[in-house]
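Peer 1: Each chain, letter by letter, is given below.
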Amino acid sequence: DPKIIQKPKYLVAVTGSEKILICEQYLGHNAMYWYRQSAKKPLEFMFSYSYQKLMDNQTASSRFQPQSSKKNHLDLQITALKPDDSATYFCASSPRDWGVEQYFGPGTRLTVL
Amino acid sequence: GEKVEQHESTLSVREGDSAVINCTYTDTASSYFPWYKQEAGKSLHFVIDIRSNVDRKQSQRLIVLLDKKAKRFSLHITATQPEDSAIYFCAASRGSNNRIFFGDGTQLVVKP
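Chains as they are written, first to last, in the numbering used here: chain S, 1 to 113; chain U, 114 to 225.
Treat the hints as calculated values from the structure; they're not laboratory data.
Among the hints, erroneous ones may be present.
Claimed, not checked - Stretch-level coverage of chain S by chain U, calculated; a stretch enters the list once three of its residues show a Cβ under 8 angstroms from a Cβ in chain U:
{"no.": "1", "segment": "23 to 30"}
{"no.": "2", "segment": "42 to 50"}
{"no.": "3", "segment": "100 to 106"}
Keep in mind it's a predicted model, so treat the numbers as computed, not measured.
Each residue gets a CB set at the ideal place from its N, CA and C atoms; glycine is no exception.
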């Protein structure tokens, strides 16, 4: 059974629209993260949360807003979508409030037309 | 910021041989050097890391070496098996509450 669920797997959106990417982890971990992987670029850190509190934000744009309704949920809301936002977005979690021992979800591939 | 470079984009070895994946980093303040594995059709997951207070760490068939002077670290997989076939990502971080910077990944193919 998958321990980190990301929904949807694929997402197509039009420029200017808003989408929410869902992430749920069932590993009992305390920290959750969002990463982005654009074409031909390495995995890039976006946010980290610990016990539902924002720990680090490396995303310059306020169009990206993480939302944590429960300890094991960390959704990502993206507003005013642009074609440059097209990427695969990965959610991850780690047992402690921060750690390199991270486990990743399968990703949501977002295409903005 | 930190830049992590992974030297081999693909690596092919015969089953039973050793595989070595090399990475370099730029930030002298980096102190955590994790490795992640992504098997075909599966998600990325942590496999091993080394911290800057040691220069060698082994976990079963995985050996990680760190050369702080050269800002280089490597993953050695001994006695490779078909299930070792995957994409391996090296990464670096300054540690507690600091972001992790990833390399581009190395596709390892273990041929029978």
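Peer 1: Give a verdict on every hint.
Peer 2: Hints, one by one, checked against the model:
For the segment 23 to 30 of chain S, the assignment as covered by chain U is violated, since 0 residues bring a beta-carbon within under 8 angstroms of that chain's beta-carbons and 3 are needed. As drawn, the segment 42 to 50 of chain S meets chain U at 5 residues by the rule of a beta-carbon pair under 8 angstroms; at three or more, the given contact holds. Counting residues of the segment 100 to 106 of chain S whose beta carbon lies closer than 8 angstroms to any beta carbon of chain U gives 7, which meets the minimum of three for the stated coverage.
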